[in-house]
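Q: Input sequences plus hints: build the corresponding full structure.
Number of protein chains: 2
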Amino acid sequence: MRPAPRKLAVADPQPATRDRLVLTAMKLFWEKGYGSTSVADVLREAGANSGSLYHFFPGKQDLLVAVLEMYRDGIEPMLLAPAWKGVADPIDRIFALLARYRQGIVSTDCVYGCPIGSLALEIHEPDPPVREAMAANFHAWVAAVQECLEAAGDRLPAGIDRRGLAEFVLTTMEGGVMQARTHRDVAYFDRAVAQLKEHFVMLQRKTRVAPIKSNRRKAG
Amino acid sequence: MRPAPRKLAVADPQPATRDRLVLTAMKLFWEKGYGSTSVADVLREAGANSGSLYHFFPGKQDLLVAVLEMYRDGIEPMLLAPAWKGVADPIDRIFALLARYRQGIVSTDCVYGCPIGSLALEIHEPDPPVREAMAANFHAWVAAVQECLEAAGDRLPAGIDRRGLAEFVLTTMEGGVMQARTHRDVAYFDRAVAQLKEHFVMLQRKTRVAPIKSNRRKAG
DNA sequence: CCCACACTTGATTGATCATTCAACCAAGGC
DNA sequence: GCCTTGGTTGAATGATCAATCAAGTGTGGG
Numbered sequence: 001m002r003p004a005p006r007k008l009a010v011a012d013p014q015p016a017t018r019d020r021l022v023l024t025a026m027k028l029f030w031e032k033g034y035g036s037t038s039v040a041d042v043l044r045e046a047g048a049n050s051g052s053l054y055h056f057f058p059g060k061q062d063l064l065v066a067v068l069e070m071y072r073d074g075i076e077p078m079l080l081a082p083a084w085k086g087v088a089d090p091i092d093r094i095f096a097l098l099a100r101y102r103q104g105i106v107s108t109d110c111v112y113g114c115p116i117g118s119l120a121l122e123i124h125e126p127d128p129p130v131r132e133a134m135a136a137n138f139h140a141w142v143a144a145v146q147e148c149l150e151a152a153g154d155r156l157p158a159g160i161d162r163r164g165l166a167e168f169v170l171t172t173m174e175g176g177v178m179q180a181r182t183h184r185d186v187a188y189f190d191r192a193v194a195q196l197k198e199h200f201v202m203l204q205r206k207t208r209v210a211p212i213k214s215n216r217r218k219a220g
Numbered sequence: 001m002r003p004a005p006r007k008l009a010v011a012d013p014q015p016a017t018r019d020r021l022v023l024t025a026m027k028l029f030w031e032k033g034y035g036s037t038s039v040a041d042v043l044r045e046a047g048a049n050s051g052s053l054y055h056f057f058p059g060k061q062d063l064l065v066a067v068l069e070m071y072r073d074g075i076e077p078m079l080l081a082p083a084w085k086g087v088a089d090p091i092d093r094i095f096a097l098l099a100r101y102r103q104g105i106v107s108t109d110c111v112y113g114c115p116i117g118s119l120a121l122e123i124h125e126p127d128p129p130v131r132e133a134m135a136a137n138f139h140a141w142v143a144a145v146q147e148c149l150e151a152a153g154d155r156l157p158a159g160i161d162r163r164g165l166a167e168f169v170l171t172t173m174e175g176g177v178m179q180a181r182t183h184r185d186v187a188y189f190d191r192a193v194a195q196l197k198e199h200f201v202m203l204q205r206k207t208r209v210a211p212i213k214s215n216r217r218k219a220g
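Protein sequence lines correspond, in order, to chains H and P.
Everything in the first sequence is counted per the working numbering, starting at 1 for the first residue and increasing by one.
Everything in the second sequence is counted per the working numbering, starting at 1 for the first residue and increasing by one.
There is no bait here: all hints are sound.
It does not matter which identical chain is meant; a pair holds if it fits inside one copy or across any two.
Subject to a maximum C-alpha distance of 35 Å in a straight line, what follows is the list of computed DSBU-like cross-link-like pairs (lysine-lysine):
1. K27 x K85
2. K32 x K60
3. K32 x K85
4. K27 x K197
Think of the hints as simulated: they come from the structure by calculation, not from any bench.
A: Next up, the structure:
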């Protein structure tokens, strides 16, 4: 399924051509989108020739699939690991993950878009492998969040739909990013996350069996 | 600000060229995206010549702005009015609106994308007028939902951030649509809406000062 | 030494892109 | 009758697009 391992050669001075192409494409697809990135753009920035690209990939869409696979493989080491460094509590981890996206938004002056989400909405007629690769990314992301929810154990109501809730975290992230980007204002993301936070607070409160004195704090 | 009214001529046999162009562009941008729709596509489908298009619009982006303005003007009559026909309760109206999007998803075999959301993520370097027109669409949508929330009065907690909650409804819709589309499965949208429903149920429960017998109806 | 194979080179193809333009048409005002 | 104005026509332009391909290069195996 995956391409054969890179021979048994010692580490090249610079990354092998195939990797440079994928890395460059990843960057450009994120910055300019898939459709607005020409093969020539990738070639120039990667310092390669068209023949090399078409030696490794049958076409542009296959390059995209490779990019999506690299994203998927990077979720754990590049996204979750740094976001969760020093954060043990499973529910805190969820909001630490969202905080990570917040960083992305502010550090790009609110132009940030989730690379997967943007591609998912940009590409209207994806090859099946492309669509599956995007779905695999969402699935891996959601699965990680779902593990947090499982780890939260009985702090959440017993019969709750943990898969649905994990997807809802993704929903919040994607919707919040979209609005922050469109309005060029992080506050839209922050308000979405605040709503999700409130959702979690209420869910955790709900686990109490007996009605307790309503300990209401200001919301917002 | 808006283009001058269509002369004082009697109704043309077919819509005036400008309108045909905008309508066709609206359809094609939605079906194939902005970048993948060529000016020639619009021309062919609208039955017009390039000179006509460039007589009315300086360029493709300006055509897009006209499309976005038409969406914005259509939110009330084309989206809200039919969705809310026969639905009086303000909170029910919110879920009636979401049900409308659900229709869109199933009737397009889960290829549906919110036209505004898709454009918002597809276009990476929009002219300022384009970005503003997209933001105006989101704003009008959120404002309508927010009115429902205001109308819900004290059924929601007093100090609640109604604007944030209205935006959260949009967040849920956009995130749910994105996932349903990517996985080609409405269930992702349904689960997102179910989570939002639960959020509203908990919010409403929260307003009760004293614990009352919970008159719970099934959510979904 | 030579072959086979993996990879590279870069010019080239033909399609398609957004946009331009000069010529043209029809109706209203004078 | 003529001019202006608003709209139309469609060929032409030059850029850029994804993809191709024949000719190369370097390396490792025999």
